[in-house]
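J.: Model the full assembly from the supplied sequences, consistent with the hints where possible.
Residue numbers (this note's numbering), protein chains in the order written: chain A, 7 to 259; chain B, 7 to 259; chain C, 10 to 304; chain D, 10 to 304.
No wet-lab data here; the hints were simulated from the structure.
Warning: the hint list may mix true and false statements.
EDC-like cross-link-like pairs, simulated, lysine to aspartate or glutamate; straight-line CA separation at most 16 Å [as the list claims (entries may be wrong)]:
(1) K76(B) / E17(B)
(2) K76(B) / D39(B)
(3) K154(A) / E32(B)
(4) K205(A) / E32(A)
(5) K76(A) / E32(A)
(6) K154(B) / E32(A)
(7) K76(A) / D40(A)
(8) K66(A) / D141(D)
(9) K66(B) / E210(C)
(10) K66(B) / D107(B)
(11) K76(B) / E32(B)
(12) K76(B) / D107(B)
Pairwise CB distance ranges, derived in the manner of DEER restraints [what the hints assert, rightly or not]:
(13) E17(B) / H137(A): 49 to 59 Å
(14) G251(D) / G247(C): 23 to 33 Å
(15) Q133(A) / S221(B): 40 to 50 Å
(16) R30(A) / F18(B): 48 to 58 Å
(17) H238(B) / K76(A): 47 to 57 Å
(18) L194(A) / N112(B): 48 to 58 Å
(19) D85(A) / R132(B): 50 to 60 Å
(20) R26(D) / P156(A): 50 to 60 Å
Backbone N, C-alpha and C fix where the C-beta goes; we use that ideal spot for every residue, glycine too.
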Amino acid sequence: MRFCATRGAPEFVLVVRFEHVGLRYENGPNVLDDVSFTLEPGSFHFLTGPSGAGKTSLLKLMYLAQRPTKGRIVMFDRDVTAAKRRDLPGLRRRIGVVFQDFRLLNHLTALENVALPLRIAGAKRRQIEAHVSELLAWVGLSGQLEAKPPTLSDGEKQRVAIARAVIGRPRLLLADEPTGNIDLDQGLRVLRLFEELNKIGTTVVIATHDRSLVSTIRLPELRLAEGRLTVHQPARAQPTEGSTRAVPSRGGL
Amino acid sequence: MRFCATRGAPEFVLVVRFEHVGLRYENGPNVLDDVSFTLEPGSFHFLTGPSGAGKTSLLKLMYLAQRPTKGRIVMFDRDVTAAKRRDLPGLRRRIGVVFQDFRLLNHLTALENVALPLRIAGAKRRQIEAHVSELLAWVGLSGQLEAKPPTLSDGEKQRVAIARAVIGRPRLLLADEPTGNIDLDQGLRVLRLFEELNKIGTTVVIATHDRSLVSTIRLPELRLAEGRLTVHQPARAQPTEGSTRAVPSRGGL
Amino acid sequence: MSLARSELQLHRDPTRRMVGFLIGAMVYLAALAVTGGLMVGTTINRWSDDLRGNLTVQLPGVTAAGAAEATGRIDTVVSTLLETQGVAGARALPRRELLSLLERWLGRGNIPDDLPIPALIDVTLEPGVRIDLDDLQRRLAREVPGARISDNGIVLDRLVRLAHSVQAAALAIVLLVGLAAVAIITFVTRAGLAMHHETIELLHLIGARNNYIARQFVRHVVGVALVGGILGLLAAAGTILGLARVAADIDVFRWPTISLADPQLVALLTLPLVAAVIAMVTARLTVAGALRRLP
Amino acid sequence: MSLARSELQLHRDPTRRMVGFLIGAMVYLAALAVTGGLMVGTTINRWSDDLRGNLTVQLPGVTAAGAAEATGRIDTVVSTLLETQGVAGARALPRRELLSLLERWLGRGNIPDDLPIPALIDVTLEPGVRIDLDDLQRRLAREVPGARISDNGIVLDRLVRLAHSVQAAALAIVLLVGLAAVAIITFVTRAGLAMHHETIELLHLIGARNNYIARQFVRHVVGVALVGGILGLLAAAGTILGLARVAADIDVFRWPTISLADPQLVALLTLPLVAAVIAMVTARLTVAGALRRLP
Ligand SMILES: Nc1ncnc2c1ncn2[C@@H]1O[C@H](COP(=O)(O)OP(=O)(O)OP(=O)(O)O)[C@@H](O)[C@H]1O
Ligand SMILES: Nc1ncnc2c1ncn2[C@@H]1O[C@H](COP(=O)(O)OP(=O)(O)OP(=O)(O)O)[C@@H](O)[C@H]1O
Ligand SMILES: [Mg+2]
Ligand SMILES: [Mg+2]
Numbered sequence: 007m008r009f010c011a012t013r014g015a016p017e018f019v020l021v022v023r024f025e026h027v028g029l030r031y032e033n034g035p036n037v038l039d040d041v042s043f044t045l046e047p048g049s050f051h052f053l054t055g056p057s058g059a060g061k062t063s064l065l066k067l068m069y070l071a072q073r074p075t076k077g078r079i080v081m082f083d084r085d086v087t088a089a090k091r092r093d094l095p096g097l098r099r100r101i102g103v104v105f106q107d108f109r110l111l112n113h114l115t116a117l118e119n120v121a122l123p124l125r126i127a128g129a130k131r132r133q134i135e136a137h138v139s140e141l142l143a144w145v146g147l148s149g150q151l152e153a154k155p156p157t158l159s160d161g162e163k164q165r166v167a168i169a170r171a172v173i174g175r176p177r178l179l180l181a182d183e184p185t186g187n188i189d190l191d192q193g194l195r196v197l198r199l200f201e202e203l204n205k206i207g208t209t210v211v212i213a214t215h216d217r218s219l220v221s222t223i224r225l226p227e228l229r230l231a232e233g234r235l236t237v238h239q240p241a242r243a244q245p246t247e248g249s250t251r252a253v254p255s256r257g258g259l
Numbered sequence: 007m008r009f010c011a012t013r014g015a016p017e018f019v020l021v022v023r024f025e026h027v028g029l030r031y032e033n034g035p036n037v038l039d040d041v042s043f044t045l046e047p048g049s050f051h052f053l054t055g056p057s058g059a060g061k062t063s064l065l066k067l068m069y070l071a072q073r074p075t076k077g078r079i080v081m082f083d084r085d086v087t088a089a090k091r092r093d094l095p096g097l098r099r100r101i102g103v104v105f106q107d108f109r110l111l112n113h114l115t116a117l118e119n120v121a122l123p124l125r126i127a128g129a130k131r132r133q134i135e136a137h138v139s140e141l142l143a144w145v146g147l148s149g150q151l152e153a154k155p156p157t158l159s160d161g162e163k164q165r166v167a168i169a170r171a172v173i174g175r176p177r178l179l180l181a182d183e184p185t186g187n188i189d190l191d192q193g194l195r196v197l198r199l200f201e202e203l204n205k206i207g208t209t210v211v212i213a214t215h216d217r218s219l220v221s222t223i224r225l226p227e228l229r230l231a232e233g234r235l236t237v238h239q240p241a242r243a244q245p246t247e248g249s250t251r252a253v254p255s256r257g258g259l
Numbered sequence: 010m011s012l013a014r015s016e017l018q019l020h021r022d023p024t025r026r027m028v029g030f031l032i033g034a035m036v037y038l039a040a041l042a043v044t045g046g047l048m049v050g051t052t053i054n055r056w057s058d059d060l061r062g063n064l065t066v067q068l069p070g071v072t073a074a075g076a077a078e079a080t081g082r083i084d085t086v087v088s089t090l091l092e093t094q095g096v097a098g099a100r101a102l103p104r105r106e107l108l109s110l111l112e113r114w115l116g117r118g119n120i121p122d123d124l125p126i127p128a129l130i131d132v133t134l135e136p137g138v139r140i141d142l143d144d145l146q147r148r149l150a151r152e153v154p155g156a157r158i159s160d161n162g163i164v165l166d167r168l169v170r171l172a173h174s175v176q177a178a179a180l181a182i183v184l185l186v187g188l189a190a191v192a193i194i195t196f197v198t199r200a201g202l203a204m205h206h207e208t209i210e211l212l213h214l215i216g217a218r219n220n221y222i223a224r225q226f227v228r229h230v231v232g233v234a235l236v237g238g239i240l241g242l243l244a245a246a247g248t249i250l251g252l253a254r255v256a257a258d259i260d261v262f263r264w265p266t267i268s269l270a271d272p273q274l275v276a277l278l279t280l281p282l283v284a285a286v287i288a289m290v291t292a293r294l295t296v297a298g299a300l301r302r303l304p
Numbered sequence: 010m011s012l013a014r015s016e017l018q019l020h021r022d023p024t025r026r027m028v029g030f031l032i033g034a035m036v037y038l039a040a041l042a043v044t045g046g047l048m049v050g051t052t053i054n055r056w057s058d059d060l061r062g063n064l065t066v067q068l069p070g071v072t073a074a075g076a077a078e079a080t081g082r083i084d085t086v087v088s089t090l091l092e093t094q095g096v097a098g099a100r101a102l103p104r105r106e107l108l109s110l111l112e113r114w115l116g117r118g119n120i121p122d123d124l125p126i127p128a129l130i131d132v133t134l135e136p137g138v139r140i141d142l143d144d145l146q147r148r149l150a151r152e153v154p155g156a157r158i159s160d161n162g163i164v165l166d167r168l169v170r171l172a173h174s175v176q177a178a179a180l181a182i183v184l185l186v187g188l189a190a191v192a193i194i195t196f197v198t199r200a201g202l203a204m205h206h207e208t209i210e211l212l213h214l215i216g217a218r219n220n221y222i223a224r225q226f227v228r229h230v231v232g233v234a235l236v237g238g239i240l241g242l243l244a245a246a247g248t249i250l251g252l253a254r255v256a257a258d259i260d261v262f263r264w265p266t267i268s269l270a271d272p273q274l275v276a277l278l279t280l281p282l283v284a285a286v287i288a289m290v291t292a293r294l295t296v297a298g299a300l301r302r303l304p
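T.: Following this line, the structure appears as structure tokens:
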């Protein structure tokens, strides 16, 4: 799978910047306490932490599904904590998300599910179809283009969800446990897809507790524990093709 | 967590026996082709295979959510392919299932979700509460007894689902990717829970593609590939406490 | 820390208010239609009752002076009438009554004493009896020359036809509302079950018996239907009493005064029960159908 | 391999038939209520029109012999009346007509020629004019001693009050059905949206604008409302025409013949549009509300 279009100068200097961000759900404890970090264009990170540490919550803040209780969040050089509601859809279209629970629409086929982001962006129907079925073939679902999610295995659903997240060639890709339901082989294949995207400038964050994944592919790691985030650089360079241009982020704290 | 009640002689000779079982969904290809195997009381197996191999489908046949297209299935010494509909609930109550997608009821608290199998079996409310909260504490959710699933992290949901599957001390425990959303530490803790159950006679089948799990705990493995099932014995005895009385199953084929 | 009563938690359902409201509305409409139908039917029946089995016998006019002499003739006719099979009663209209009727047309004080006013005898017939009028006429004329029977047949006929039409229309409306109620409850229950499909499936998979699942739905739907139905009935009672008050002021058409003790209106009290039964049957069938589709 | 028209696929929705049916039913009921109200109102207006602006002037009775002599007096009164402001017409009831009225009471052939029959003059007033009856009475009595005005005031008054009550009741029913329609559409739309909550949330999260989401719901609901409304209206038209045929047979009460060309009935044709607009507004508000609750 090749994402052909490459662009010249990036449209923005910063993809994500958290400044002393705190988050608590109503009458619960603080999930995030004081989190600061920066993601630059073209960076590639793992987001790790024990179950319930707040990984999904952190991603939610990034895909604008949640507002922080305190602190400031800058996305694509814009302060989203102060942004107007009608500016958010534009920002969201630059972000691709693989949800931990897939969130596929059960009444649509795999093809239609993956096509959604293109439809919303107003793409032509012809273009959509060719593009979508190529991508689905790449994740190994060429035989199930017309299958509805309830008839797919969980690993298949996850791959549809991944295809939907990347189809729009987002500037920021957030994947929540994207290999939790697929085996290592397919997991590595998915990672290669993410690397392709990363090569053309997409910033990637993968939340996972799959230590084998983290230890196979050496990437800087955003580690969440007890509401705080620390950045860890890999011990040595990536053992994979060396194509993931992971830019060390200037982490906060 | 200790399951105190132990029984004398088992109520049945065979827990599961598949005889030349085949399964295909309407106008799809054969998912299972000719699967034969036997699970004896107190056995403990992994069920492995690539995504889409039919692991969930095989489990569905065992928890009676699906009827085979061909072949015969015997559960607890009864031919379920010929059983009357009204006899099925009784059989189902002997089976605990951890669903791959959790299937928690969103409008109920964690406590109520876990209590469901006991309520259905007609247990007293008092007994239920103490028992359920002890179990939830054991899986690390003592602080979230009253939380509804939508406010839980995915790992937390999975642990609620696990608690619900084991609360009724089932004779057969089927877990579909039960550690997909929790980290290795908690995964091992959950496995220890399953081992406790296994010790008092519960037959356990865990579907997973987590090779690190399979390689850490050496158990016989039901391997699914291209519609066929093969049984693999572990290279050597279990490295854990030695408490998992895995009985080698006389696999079919 | 406590366990909820029912795992389906249907009482927190978003469709709950809708079901209650719709059932209430249907009961309301049904109650109004039934009452309206009863009222119109009763009214027309009264009108026609006033005429049905009524004959008027008319004797030649007499002046005030001859009134005393006429009394004998009137008595003869009345006794002849009373002997006739099928006649329930016969009453001579007093001369004063006739005079006041005439004054409407002739103006008060304009009736000279020497105006020969016919004697009118109001004859009530036994219900359901058809009398041979020609024979009666002949017999009366033999006794008192000039006695004539005037029949209200045509008016009566018209009114009976009208009564039947109105009652048919009322029945049609009640049936229609009833059908609508069944349809609505079915649709709403189905939509509710569609929302709960996953819950039903899970309960089924972990070994709940069909009865256990159906019971919860039925209990919920019946409760909601009863409450909605009772509220609808109360609203209908309010409306009916309000209309009754207005109608009582207007006796032009002789509307019957509505009494809620009327046995037919008491039957209305069963409407919420009917709604509850419809809801129960619908819910039970729908749940059973949904469960049958499960493995 | 093809892409669906709309990602919400609302046309496969289980609530679809319910929405259509309910809207149809509401339009049906509203149409019947409006028609019924119009009919009753028109009827009573006719009845009262017959009386309103009607006076009867009565002159002392004359026998057949004195009839010719009386004609002069009648003419005097008529011309006086016609000169009076507010009087549209005055017509003496021919003696024959009076006689036939009297025959009802006195029996045919029973009216002696020497019966002094009063002359009655039917006076039509210009609509909306109130005449000083006392003054008129005095003037008439000066011209023709014994002339008296008899007013239909009491009957008229009653009928006007009845007309107002009935019209108020009809209005109340129409309002009620309208409110019920709004409530039902709101509930049904909400239930539909609750079912689609996850879809809406996902579309929102991947960057769909509110308009994009709302448009699909609105288009769907409006389509369903239009179809349901039109079917409901057709059913109502069928019922009304059926009732009209029955009513035409019965002229006892002078029901107005119903003509579907009546401008007020033509207004009924807009009911499906009204339903569609209600549905549109409800859907738009509900979706907007749901989206506002999202981050
Ligand atoms: N209800 C269904 N209707 C039609 N096809 C189905 C249905 N359920 C599963 N399948 C197909 O059957 C195959 C096996 O599915 P299954 O869910 O059993 O796989 P699995 O081994 O559990 O995979 P995973 O590891 O991804 O969960 C898949 O190709 C899937 O698309
Ligand atoms: N909507 C919510 N309301 C209240 N509490 C919530 C909500 N969502 C999450 N939480 C709580 O916040 C904490 C962090 O949840 P989160 O989903 O971010 O964890 P996570 O790191 O993604 O865990 P996992 O690896 O299990 O997915 C958990 O304790 C969870 O119960
Ligand atoms: Mg998470
Ligand atoms: Mg599976």
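J.: Mind checking the alpha carbons of K66(A) and D141(D) for me, to see if they're no more than 16 Å apart?
T.: 84 Å, violated
J.: Given the hint of 50 to 60 Å, check if D85(A) and R132(B) actually sit that far apart at their C-beta atoms.
T.: 54 Å, holds
J.: Would you mind confirming whether the straight-line C-alpha gap from K76(A) to D40(A) stays at or under 16 Å?
T.: 9 Å, holds
J.: Would you check the hint for K154(B) and E32(A), treating anything up to 16 Å between C-alpha atoms as holding?
T.: 13 Å, holds
J.: Confirm or reject the claim that E17(B) and H137(A) have a C-beta distance inside 49 to 59 Å.
T.: 58 Å, holds
J.: Quick check on a hinted range of 40 to 50 Å for Q133(A) and S221(B), using CB atoms only.
T.: Cβ of Q133(A) to Cβ of S221(B): about 45 Å, so the range 40 to 50 Å holds.
J.: Does the alpha-carbon distance linking K66(B) and E210(C) stay inside the 16 Å limit?
T.: 13 Å, holds
J.: Straight-line Cα separation of K154(A) and E32(B) no greater than 16 Å?
T.: OK: K154(A) and E32(B) at ~13 Å, within 16 Å.
J.: Holds or violated: are the alpha carbons of K76(B) and D39(B) at most 16 Å from each other?
T.: Roughly 9 Å separates the two Cα atoms, so the pair holds.
J.: H238(B) and K76(A), beta-carbon distance inside 47 to 57 Å?
T.: Given about 54 Å between the Cβ atoms, the range holds.
J.: Hinted pair, alpha-carbon criterion (16 Å max): K66(B), D107(B). Please report holds or violated.
T.: 13 Å, holds
J.: For the pair supplied as a hint, K76(B) and E17(B), confirm whether the alpha-carbon distance does not exceed 16 Å.
T.: 28 Å, violated
Against the hints set out earlier in the document, violations occur for numbers 1, 4, 8, 12, 18 and 20.
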